[in-house]
Amino acid sequence: MDFIGAYSIPNLTFILKGFLITLEVAFISIILSFLLGTLLGTLRYTRIPVVARLTAIVVDIIRNLPLLLIIFFMKIVLPQIGISMSPFWSTVVGLTLFEGAMISEIVRSGLNSIDKGQIEASRSSGLSYMQTFWNIILPQGLRRMSPPMVSQFISLLKDTSLAIIISLPEIMHNVQILGGQNFNYIIPALILAAALYFIVNYTLSIIARRLESKMH
Amino acid sequence: MIQFKKVNKYFGPFHVLKNIDLQIQEGEVVVIIGPSGSGKSTLLRCINRLETISDGELTVNETPLHDKKVNINQFRRDIGIVFQHFNLYPHKKVIDNIILAPMKVQRLKKEDAKKTAMYYLKRVGIEEKADNFPSQLSGGQQQRVAIARGLVMNPKIMLFDEPTSALDPEMIGEVLDVIRSLAHNGMTMVIVTHEMGFAREVADRVVFMDEGQILEVATSSDFFESPREDRARLFLSRLINH
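Line by line, the protein sequences are chains A and B. Quick note on my numbering: the first sequence kicks off at 1 and runs consecutively. Quick note on my numbering: the second sequence kicks off at 1 and runs consecutively.
Wrong hints could be hidden among the right ones.
[To be verified] Listed below are the simulated SDA-like cross-link pairs for lysine to any residue, each with C-alpha atoms no more than 20 Å apart in a straight line:
(1) K214(A) - E62(B)
(2) K116(A) - K6(B)
(3) K214(A) - K92(B)
(4) K69(B) - I62(A)
(5) K116(A) - E62(B)
(6) K68(B) - Y129(A)
(7) K92(B) - Y129(A)
(8) K93(B) - G5(A)
(9) K93(B) - N201(A)
(10) K104(B) - N135(A)
(11) K104(B) - M130(A)
(12) K93(B) - R144(A)
(13) K116(A) - K69(B)
(14) K92(B) - M130(A)
(15) K93(B) - N135(A)
(16) K6(B) - H91(B)
(17) K156(B) - E120(A)
(18) K92(B) - S128(A)
(19) K93(B) - Q131(A)
(20) K116(A) - T52(B)
(21) K214(A) - H91(B)
(22) K5(B) - L215(B)
(23) K92(B) - V51(A)
(24) K214(A) - N132(B)
(25) K92(B) - E120(A)
(26) K92(B) - R209(A)
[Claimed, not checked] Stretch-level coverage of chain A by chain B, calculated; a stretch enters the list once three of its residues show a Cβ under 8 Å from a Cβ in chain B:
(27) 73 to 83
(28) 162 to 176
[To be verified] A short list of chain B residues far from chain A (calculated; beta carbon distances all over 12 Å):
(29) H66
(30) R77
(31) M171
(32) H184
(33) L215
Note that these hints are calculated values from the structure, not bench results. Ideal Cβ positions, reconstructed from N, Cα and C, are used throughout, including at glycine.
All chains, full assembly: derive it from the sequences and hints.
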């Protein structure tokens, strides 16, 4: 183990650059998967005949595949049909699809948890379905879904490391390269990576806990 | 004002309303009583089309509800409903519970809606709770807010679906007092309740239902003093002797 050599300025910069990529991929994917998940979850909740059924099928397919396979698919299968993306965007699209499907289930159950009596009360006073959705169902649903949503974002951040298989230069990828250069660097590099993941994710989980206690 | 003509309603294989014929006049207070599962609540909920009827004709405020083309949101403005479990919006303050429909449906300005809302909160006796959340109120207070929320739209008809069944006994009185004062002011009301003393006092007419049928319709005094139907007699004696 060579901590001093492993933590030389160029090596640290290399690992931190990797972590920056990790954070960028995670940040963009969190926003996109939130949007996609909310859209899919809402479509499924509304029970519009064909759309809801179709959404359910797509979501179930994605949810039951390993994320690793989806990322592979983005990088290897899509170029065969003329859609070619950089490792960065392949990862973002793969993560967005996978986590979006997960989030859609959180959204759907959050919306479903709103008491039907309130919906009846709102509709009875003359509000349309859409008005009821915006004023009664969605605000309460969002509040209820935020804790599981944040946990999902934490998994998303950790799952970015799977992009190592398509050579995205994120943190785990760079740790591996350092370890390849000098085997004495691998443990110090892993410890640093662990610390970085932990700090960011733990901060997120504290936020999640705050949200939860605020609701009760 | 409300007219059921040979109305039937099925929930899947269950025939929950059987050949209902009933007319309710403007200004009338009609109380529906009967054992649990007799179809009272379903009948009431058909009046603002929370339940759709399977066949027959139902006309409310000159709107034929059996007609699928009815603009239901427009129609429902004129009918207030109060539920057993209050169904207040827990994420909104009392005042915001009340002004939601006036603002979204009648397109009132917020200040105007608030003024009207405060008037009705005063009327149900809890104007000091306007800025509280529903969870900070007792059951009786919550139900009075729900009544104010119904009244604020200035409805032609008020429906009450077992408004005191979820309340602790000591809170039933305050809610019944509010409903009683509405009755004295000439509001058309249909009330499903198990409070027989209240029914007797407030009802112009009593509808007795059992197993999806209307078995007896009579003025309050006739019904409670000399019910014609055996099942009505049995029902009343059980309630009184328990």
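Quick rundown of the hints versus the structure:
| no. | hint | verdict |
| --- | --- | --- |
| 1 | K214(A) - E62(B) | violated (48 Å) |
| 2 | K116(A) - K6(B) | violated (29 Å) |
| 3 | K214(A) - K92(B) | holds (16 Å) |
| 4 | K69(B) - I62(A) | violated (40 Å) |
| 5 | K116(A) - E62(B) | violated (29 Å) |
| 6 | K68(B) - Y129(A) | holds (17 Å) |
| 7 | K92(B) - Y129(A) | holds (18 Å) |
| 8 | K93(B) - G5(A) | violated (61 Å) |
| 9 | K93(B) - N201(A) | violated (35 Å) |
| 10 | K104(B) - N135(A) | holds (10 Å) |
| 11 | K104(B) - M130(A) | holds (11 Å) |
| 12 | K93(B) - R144(A) | holds (18 Å) |
| 13 | K116(A) - K69(B) | violated (25 Å) |
| 14 | K92(B) - M130(A) | holds (18 Å) |
| 15 | K93(B) - N135(A) | holds (13 Å) |
| 16 | K6(B) - H91(B) | violated (42 Å) |
| 17 | K156(B) - E120(A) | holds (19 Å) |
| 18 | K92(B) - S128(A) | holds (18 Å) |
| 19 | K93(B) - Q131(A) | holds (18 Å) |
| 20 | K116(A) - T52(B) | holds (17 Å) |
| 21 | K214(A) - H91(B) | holds (13 Å) |
| 22 | K5(B) - L215(B) | holds (15 Å) |
| 23 | K92(B) - V51(A) | violated (32 Å) |
| 24 | K214(A) - N132(B) | holds (17 Å) |
| 25 | K92(B) - E120(A) | holds (16 Å) |
| 26 | K92(B) - R209(A) | violated (23 Å) |
| 27 | 73 to 83 | violated (count 0) |
| 28 | 162 to 176 | violated (count 0) |
| 29 | H66 | holds (19 Å) |
| 30 | R77 | violated (4 Å) |
| 31 | M171 | holds (19 Å) |
| 32 | H184 | holds (24 Å) |
| 33 | L215 | holds (28 Å) |
Hints 1, 2, 4, 5, 8, 9, 13, 16, 23, 26, 27, 28 and 30 from the list above are not met by this structure, while the remaining hints are.
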